[in-house]
Amino acid sequence: MVMIAIGVVSLLYGALAGPGIKRMAANLLLNNYYFLSLGLIGLFFITAHAVSESGWHTSVQRIAEAMSSFIPIGGVLLLVFFLSGGLHLLYEWTNTEQLDEVLQGKTPYLNEPFFYIRTLVFLAGWSILAYFIRKTSLQLDIDGERKYFNRLRVLSAVFLVFYALSSVISSWDWLMSIDAHWYSTLYGWYVFSSMLAAGIAMLIILLYVLMKMGYMEHVNTEHIHDLGIYLFGFSIFWAYLWFSQYMLIWYANIPEETVYFYDRHLHFSGVFYINLILCFVVPFLALMTRNSKRSFTILIPVSVLVVIGHWFDLYLLIMPGTIGGEASGFGLVEIGTTIGFLGLFALVSFLTLAKAPLAPYKHPFYKESLDYHTHY
Amino acid sequence: MNKYLTAYYNDEEDLLEGLNKIQSEGIKVTDVLTPFPVHGLDKVIGLRRSRLSVIAFIGGALGTLIGFFFQAWVFTVDYPLAFGGKPFFAVPSFMPVTFEMAVLLAAYAIVFAYLIHNNLGPGSKNIIYDERITDDRFLILISLEDKADDQIKEVETVLENAGALGITLKV
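Going down the list, the protein sequences come from chains A and P. Here the first sequence is numbered in this note's numbering, starting from 1 and rising by one per residue. Here the second sequence is numbered in this note's numbering, starting from 1 and rising by one per residue.
Read the hints as simulated data drawn from the structure, not as lab findings. One or more of the hints may lead you astray.
[As the list claims (entries may be wrong)] Some chain P residues flagged as far from chain A (calculated, every beta-carbon gap over 10 Å):
| no. | residue |
| --- | --- |
| 1 | R48 |
| 2 | M95 |
| 3 | D130 |
| 4 | D146 |
[Claimed, not checked] Facing chain A, a subset of chain P residues (Cβ under 10 Å, in silico):
| no. | residue |
| --- | --- |
| 5 | R49 |
| 6 | S53 |
| 7 | F57 |
| 8 | P80 |
| 9 | G84 |
| 10 | K86 |
| 11 | A90 |
| 12 | S93 |
| 13 | P96 |
| 14 | F112 |
| 15 | S124 |
[Claimed, not checked] Quick list of the computed label-pair ranges, beta carbon to beta carbon:
| no. | chain 1 | residue 1 | chain 2 | residue 2 | range |
| --- | --- | --- | --- | --- | --- |
| 16 | P | G46 | A | T221 | 18 to 24 Å |
| 17 | P | D146 | A | N220 | 38 to 44 Å |
| 18 | A | P301 | P | D14 | 44 to 50 Å |
| 19 | P | I110 | A | H181 | 45 to 51 Å |
| 20 | A | L186 | P | N126 | 46 to 52 Å |
| 21 | P | L120 | A | I236 | 28 to 34 Å |
| 22 | P | V29 | A | V281 | 43 to 49 Å |
No residue lacks a Cβ here, since even glycine has one placed at the ideal position from N, Cα and C.
Could you build the full structure based on these sequences and the hints that come with them?
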């Protein structure tokens with residue numbers, strides 16, 4: 001795993017010289033944001049369940065924790081990326097000399113110092129909370145004291161409130177401000193729902209890999225069924241938000257809004273439909289029956305397709321605004337950078353997984369998780 | 001069912017235990033009537049998984065097709081109206097109605113399939129086997145259509161041994 005990651009990461013950086021620095025930067029942003037968000041969804045998975053005091057998730061919570069361990073690393077990478085010129089390369093509004101009227105009006109919000117302050121606050125907040133949540137969870141495993149269980153709940157609630165705001169605002173900052181003239185009030189939720197579905201799919205894939213390697217014996221079909229339900233449900237949720245945004249823009253037909261989809265239809269129509277098929281049609285039809293949610297033979301291909309589909313979703317959010325229709329494409333750079341980040345993500349996750357027992361034996365709900373049964 | 005036997009339990013744990021005993025003697029239990037859903041009962045009396053989801057899917061698929069193609073026909077053939085500069089065949093604007101139709105027909109299909117299959121709803125005639133099954137009794141029904149008198153005695157003994165109360169033969 002170590003060698004794959006390092007090998008691929010270095011390979012890419014060699015291959016990057018070809019298609020231009022801007023395309024490389026856009027790819028770095030895409031993958032950095034994607035895997036950072038997958039980590040955040042891992043943390044969201046734990047915290048949402050901790051706050052709602054559910055039991056079944058304890059069997060897979062170590063995997064979600066492992067995903068969340070990527071947050072600090074992804075955060076540092078993203079910060080380095082912005083500081084080393086990525087910000088000026090990709091974001092039109094940073095070019096303060098040539099702002100038109102609209103963008104000048106947005107300078108109170110879209111200016112570099114404030115942008116960096118927000119970025120720092122979000123990344124630091126996420127990393128610190130991720131660290132403490134993981135630490136508390138491990139402490140809970142050592143002595144199983146009620147104190148840690150309660151602390152976990154408090155930390156989770158804090159994270160959820162913080163994340164509700166920061167996930168939306170960070171998606172404005174890092175993604176929507178690429179198309180600085182355009183705006184959508186649904187954007188933050190749309191991006192969140194996309195990452196949520198991808199995060200659940202990634203969780204299923206990691207679970208499958210671990211089970212193939214002979215670990216996670218305590219996970220039974222009921223847990224897999226529930227993850228399948230999540231994947232099914234959040235894919236529909238994503239489609240709902242996608243359509244809500246598209247439908248209103250299409251119906252109102254206001255030029256300053258439709259320009260966003262015009263560009264995506266003109267140069268990216270292939271990706272546009274691939275995205276819809278992979279993220280909605282495939283999971284909706286394939287995971288409709290009970291049996292398909294309970295067997296890995298269907299769940300795993302669907303999860304892989306969903307992960308790829310939401311990668312394309314981000315591709316559609318980033319590429320048209322940064323490098324435009326003519327210059328962008330799908331080639332070695334895209335695949336290479338993705339594999340590099342995937343390797344890094346997997347490396348970090350598995351290193352974290354190796355540090356603690358895969359089953360939280362002393363979690364108060366662990367027993368409940370084993371007895372858990374889906375009644376439909 | 002003209003000839004059958006009823007017996008009841010006062011507690012669902014006793015019911016499950018008793019059912020296991022009765023069935024291990026080779027007696028087929030026709031139905032069990034309970035005041036509330038008993039966990040694990042469907043497994044004990046060997047019920048298959050409900051096929052209601054299939055009906056829901058058929059209803060939903062039908063609703064999708066009807067909703068979509070009806071609009072497509074209305075807005076392109078029957079009564080084309082130009083509004084908002086949109087084409088006549090404007091797929092995005094069909095979607096909300098299509099979705100609603102899918103949900104509506106799926107819901108109708110489920111409700112009516114449920115009522116018809118369980119012989120419920122307005123106009124249905126149901127035998128009241130025991131007035132207290134809606135209160136606190138768990139009733140077992142055993143059909144005796146194909147059983148001779150000495151076999152009936154046997155069934156009654158098995159029920160008694162399994163702790164069933166109020167064993168009544170109804171003809």
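Index of numbered hints that the structure contradicts, given in increasing order: 2, 8, 14 and 15
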